[in-house]
Amino acid sequence: MKKSNSHKIKLGLFIIISSLFLIIALYFIGNRQNLFSKNFKISAVFNNVNGLILGNNVRYSGINVGTVKNIHMINDTTICVDMHIDYKFLKHLKKNAVAGISSDGLVGSMVINIAPEKEFAPPLNPGDTIKSYSKISTNDMLETLNTTNDNISLLTSDLLKITTSIKTGDGTLSMLINDPEMATNLKTTVKNLKTASSSASNSLNEFNKIIKSINYNESMAAVLLSDSVTALQMKSIITNLDKSSTGMDASVSTINELLKSLKTSEGSLNYIIKDTLLVKNIDETVKNIKDGSLKLNENLEALKHNFLFRGYFKKIERQKAKEAKKE
Amino acid sequence: MTISHKIAQKTKTFLIEIGELSFFASRYFKELFSKPFEFNELLLQCYKMGNKSLLLVGVTGFILGLVFTLQSRPTLMEFGAESWMPSMVSISIVRELGPVIIALICAGKLSSGIGAELGSMRVTEQIDAMEVSGTNPFKYLVVTRILAATLILPLLIIFGDTIALVGSALIENLKGDVSFQLYYNKVFNALKFSDIIPATIKSFFFGFAIGLVGCFKGYNCKKGTVGVGEASNSAVVYASMLLFVIDFIAVFISDIFFEI
Amino acid sequence: MNKITNIKPVLKIQNLKKSFGNNHVLNGFNMNLFEAENLVLMGKSGSGKSVMIKCVVGLMQPDTGTIEIMGKDISKLNQKEFNNLRSEIGFLFQGSALYDSMTVRENLEFPLRKFPEYASKSEKLVSEALENVGLSSAIDLMPEELSGGMKRRIALARAIILRPKIIIYDEPTTGLDPITSKEIIQLMKGIQQQFKTSSLIITHDVDCARVISNRMILLIDGINYMEGTFNDLSASKDKKVQEFFK
Numbered sequence: 000m001k002k003s004n005s006h007k008i009k010l011g012l013f014i015i016i017s018s019l020f021l022i023i024a025l026y027f028i029g030n031r032q033n034l035f036s037k038n039f040k041i042s043a044v045f046n047n048v049n050g051l052i053l054g055n056n057v058r059y060s061g062i063n064v065g066t067v068k069n070i071h072m073i074n075d076t077t078i079c080v081d082m083h084i085d086y087k088f089l090k091h092l093k094k095n096a097v098a099g100i101s102s103d104g105l106v107g108s109m110v111i112n113i114a115p116e117k118e119f120a121p122p123l124n125p126g127d128t129i130k131s132y133s134k135i136s137t138n139d140m141l142e143t144l145n146t147t148n149d150n151i152s153l154l155t156s157d158l159l160k161i162t163t164s165i166k167t168g169d170g171t172l173s174m175l176i177n178d179p180e181m182a183t184n185l186k187t188t189v190k191n192l193k194t195a196s197s198s199a200s201n202s203l204n205e206f207n208k209i210i211k212s213i214n215y216n217e218s219m220a221a222v223l224l225s226d227s228v229t230a231l232q233m234k235s236i237i238t239n240l241d242k243s244s245t246g247m248d249a250s251v252s253t254i255n256e257l258l259k260s261l262k263t264s265e266g267s268l269n270y271i272i273k274d275t276l277l278v279k280n281i282d283e284t285v286k287n288i289k290d291g292s293l294k295l296n297e298n299l300e301a302l303k304h305n306f307l308f309r310g311y312f313k314k315i316e317r318q319k320a321k322e323a324k325k326e
Numbered sequence: 000m001t002i003s004h005k006i007a008q009k010t011k012t013f014l015i016e017i018g019e020l021s022f023f024a025s026r027y028f029k030e031l032f033s034k035p036f037e038f039n040e041l042l043l044q045c046y047k048m049g050n051k052s053l054l055l056v057g058v059t060g061f062i063l064g065l066v067f068t069l070q071s072r073p074t075l076m077e078f079g080a081e082s083w084m085p086s087m088v089s090i091s092i093v094r095e096l097g098p099v100i101i102a103l104i105c106a107g108k109l110s111s112g113i114g115a116e117l118g119s120m121r122v123t124e125q126i127d128a129m130e131v132s133g134t135n136p137f138k139y140l141v142v143t144r145i146l147a148a149t150l151i152l153p154l155l156i157i158f159g160d161t162i163a164l165v166g167s168a169l170i171e172n173l174k175g176d177v178s179f180q181l182y183y184n185k186v187f188n189a190l191k192f193s194d195i196i197p198a199t200i201k202s203f204f205f206g207f208a209i210g211l212v213g214c215f216k217g218y219n220c221k222k223g224t225v226g227v228g229e230a231s232n233s234a235v236v237y238a239s240m241l242l243f244v245i246d247f248i249a250v251f252i253s254d255i256f257f258e259i
Numbered sequence: 000m001n002k003i004t005n006i007k008p009v010l011k012i013q014n015l016k017k018s019f020g021n022n023h024v025l026n027g028f029n030m031n032l033f034e035a036e037n038l039v040l041m042g043k044s045g046s047g048k049s050v051m052i053k054c055v056v057g058l059m060q061p062d063t064g065t066i067e068i069m070g071k072d073i074s075k076l077n078q079k080e081f082n083n084l085r086s087e088i089g090f091l092f093q094g095s096a097l098y099d100s101m102t103v104r105e106n107l108e109f110p111l112r113k114f115p116e117y118a119s120k121s122e123k124l125v126s127e128a129l130e131n132v133g134l135s136s137a138i139d140l141m142p143e144e145l146s147g148g149m150k151r152r153i154a155l156a157r158a159i160i161l162r163p164k165i166i167i168y169d170e171p172t173t174g175l176d177p178i179t180s181k182e183i184i185q186l187m188k189g190i191q192q193q194f195k196t197s198s199l200i201i202t203h204d205v206d207c208a209r210v211i212s213n214r215m216i217l218l219i220d221g222i223n224y225m226e227g228t229f230n231d232l233s234a235s236k237d238k239k240v241q242e243f244f245k
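Protein chains in written order, with numbering that gives the first Met the number 0: chain A, 0 to 326; chain B, 0 to 259; chain C, 0 to 245.
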């Protein structure tokens, strides 16, 4: 059949291509199983191999370095697993490396993980046996998980009791949570506090100015100050003022602390303890502040009406009017 | 009474057919190893069965991979397991779908072709003419065809599998942003010798079954053009059935030896 | 015909019996074919003519009886010896039986492939055979490109390519128009004269039988019912014989 020469060529081509596909596939699969690369054998001994089978991967620090080649029982509790490791990883594997069996993902097949140790050790020799640790199997894991679950359920039931008692009980905490009036009160208190403290600082500023003007600008005032009686009176006024402002300062910082602890408090018990204090403190503080600020206002008013300072106040008013005109 | 009689008759015919097929197969093996070898005819048949089926097998394989991937995607996506697509598709194609579907296609093409060719040769006395001229027609026609089918089908299946995986990779590339390299990596990570070797061994038997049934039906064709049609038709039916039986047995055997 | 009855027959069939189940096709058939004669075997369809010649060329095994070709009992030959003996017999099949998948050349080369000694001169043999049937131009055609008559001629060329001593024609004119039939018959005659072959012609074409036969045998009920020249038989008063010549 002379005409079939081209047929033969085509047939040969087809056979070669198809065979190549097969050979390539076989090669790559074999390559994954380290059949063709130069490799060496190491062993590890386990108590339980957790369903490890021949051909499972061996990983070193997460890299596939070889496969399981042989599993045999040495005695009733020890199983020796031989692994073929790619030769090029030999220099990286140290004698103190530790092998463990774990599963590849939640449903994956078993793998041997070889983990390096931090301490220095000489490199592994072919045929060496490395240490192993029995990693908990999924079963053990599930058992532990079961205990954890029991604990969690106990905890949550306790927590549930606490929260219900908080909700339905009439402790301070429940008041704080459930009473809307309390919340509004707290809000207004804080607002008042703000106004009070700002007005207090204003008054103090103005007072400072007055003192200054007394000492250096107004000769009249200086003369008056030399009067011992008035000076004594003035002194007492100032001391009073000073006292009230420090009290105020302290109370403001206490409030701040309390508010902070209210915000950041940890643990229900802690909360409750702090809370009672807080409420008391807030109440007292608010009262103090109210008193303090009232007294301060009174003091200022009195100052204004004092004949010694009347001129000064008038002068200030005049200056203000001048400035307004200029502008 | 008549029904049971019919059933008995059918069973008898079936058993006779099986027996004849077995004799035919044993004659094949006997003649396979005796001289002379019709090497040129074998090559010609390989060419006819192999190269002439490439387009068919290629298109079938490509569409198989494409469709299988497209259809499985939604289900796997529901589980958030699209990344398992390459492994799943490659394993199912290499292990089962590729061999069986391509063998079925080839049963349709090759078995009926052989059945019709030998049938018409029988009817027009060409087989007798061959025998009279001193050439053993069983050797020249049957042995070469069965052997060619046995040798060529595994190659066709590998070819088809490869194209099916290309089709699947294409879909994954277009729909799932899986690069061809990643696809290839995942495929070869998933495939094992225990997938590819039993499938390849199995496909030799598929080829043998296709060739054997086609030749048996054609060679023993009854007289007349009706006989030829019947031969090619029943060749396809018997070959397809036999394929599934072989597949069934093959799965059992590979289960024992390879622990699927 | 007396002068050739003393000559040893090239084909001798004795007491040939063949039955398919209860259908006894051949019931002790006897026949001799002598050198360089044209023997016509006539019989009705299903009378066992085809079975008889199939037994002769080994396509069927007879139940009993002996067949001797060139003095050799074919039942005592092994396959190789029988195949060699087969090369002494040319067979022209009813439907020509050309191999569809091969060209005319390959068809003609096919019988030669068993004989390495012919390999070198196959080209010459093929062209000679084609010249003998007058179809040299058809050498590279496929059978499907040929007409029925051409196919018959190519088949004849294939039958004679090994220069056989015996040629068996199975219904050589069936399915052909009368003119082509005559051409084929003339060709058969010519070949017989050229190569001095013995021809066994199976036919129910009376015209064919008249033109070509030296001797005739009527095969009725599986036996050699009557033997003689065309004129002897056509003049017979026997009813069963008369049926053929109506």
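Hints are computed from structural coordinates only; laboratory data are not their basis. Treat the hints with caution; some may be incorrect.
As the list claims (entries may be wrong) - Derived PhoX-like pairs (lysine-lysine); straight-line CA-CA distance at most 20 Å:
1. A:K193 - A:K93
2. B:K222 - C:K43
3. C:K195 - C:K236
4. A:K208 - A:K319
5. A:K117 - A:K93
6. B:K29 - C:K79
7. B:K51 - A:K7
8. A:K190 - A:K93
9. B:K47 - A:K68
10. B:K222 - A:K9
11. B:K29 - A:K9
12. C:K238 - C:K7
13. C:K238 - C:K43
14. B:K34 - C:K113
15. A:K190 - A:K208
16. A:K294 - A:K234
17. B:K11 - B:K221
18. A:K319 - A:K211
19. C:K79 - B:K138
20. A:K208 - A:K314
21. C:K79 - B:K34
22. B:K138 - C:K43
23. A:K7 - B:K47
Hint by hint, here is what the structure shows:
1. A:K193 - A:K93: The given pair, whose Cα atoms are some 69 Å apart, is violated under the 20 Å limit.
2. B:K222 - C:K43: holds (19 Å)
3. C:K195 - C:K236: violated (34 Å)
4. A:K208 - A:K319: holds (15 Å)
5. A:K117 - A:K93: holds (10 Å)
6. B:K29 - C:K79: holds (17 Å)
7. B:K51 - A:K7: Distance of about 13 Å is within 20 Å: holds.
8. A:K190 - A:K93: violated (70 Å)
9. B:K47 - A:K68: violated (44 Å)
10. B:K222 - A:K9: violated (36 Å)
11. B:K29 - A:K9: Given pair K29 (chain B), K9 (chain A) is violated - Cα atoms ~31 Å apart, limit 20 Å.
12. C:K238 - C:K7: Not satisfied, since the Cα-Cα distance of roughly 33 Å exceeds 20 Å.
13. C:K238 - C:K43: Roughly 14 Å between the alpha carbons, so the hint for K238 (chain C) and K43 (chain C) holds.
14. B:K34 - C:K113: holds (12 Å)
15. A:K190 - A:K208: Outside the cut-off at roughly 28 Å; violated.
16. A:K294 - A:K234: holds (17 Å)
17. B:K11 - B:K221: Within the cut-off at roughly 19 Å; holds.
18. A:K319 - A:K211: holds (18 Å)
19. C:K79 - B:K138: holds (15 Å)
20. A:K208 - A:K314: holds (13 Å)
21. C:K79 - B:K34: holds (12 Å)
22. B:K138 - C:K43: Not OK: K138 (chain B) and K43 (chain C) at ~35 Å, beyond 20 Å, violated.
23. A:K7 - B:K47: Since the Cα atoms of K7 (chain A) and K47 (chain B) sit roughly 10 Å apart, the hinted pair holds (cutoff 20 Å).
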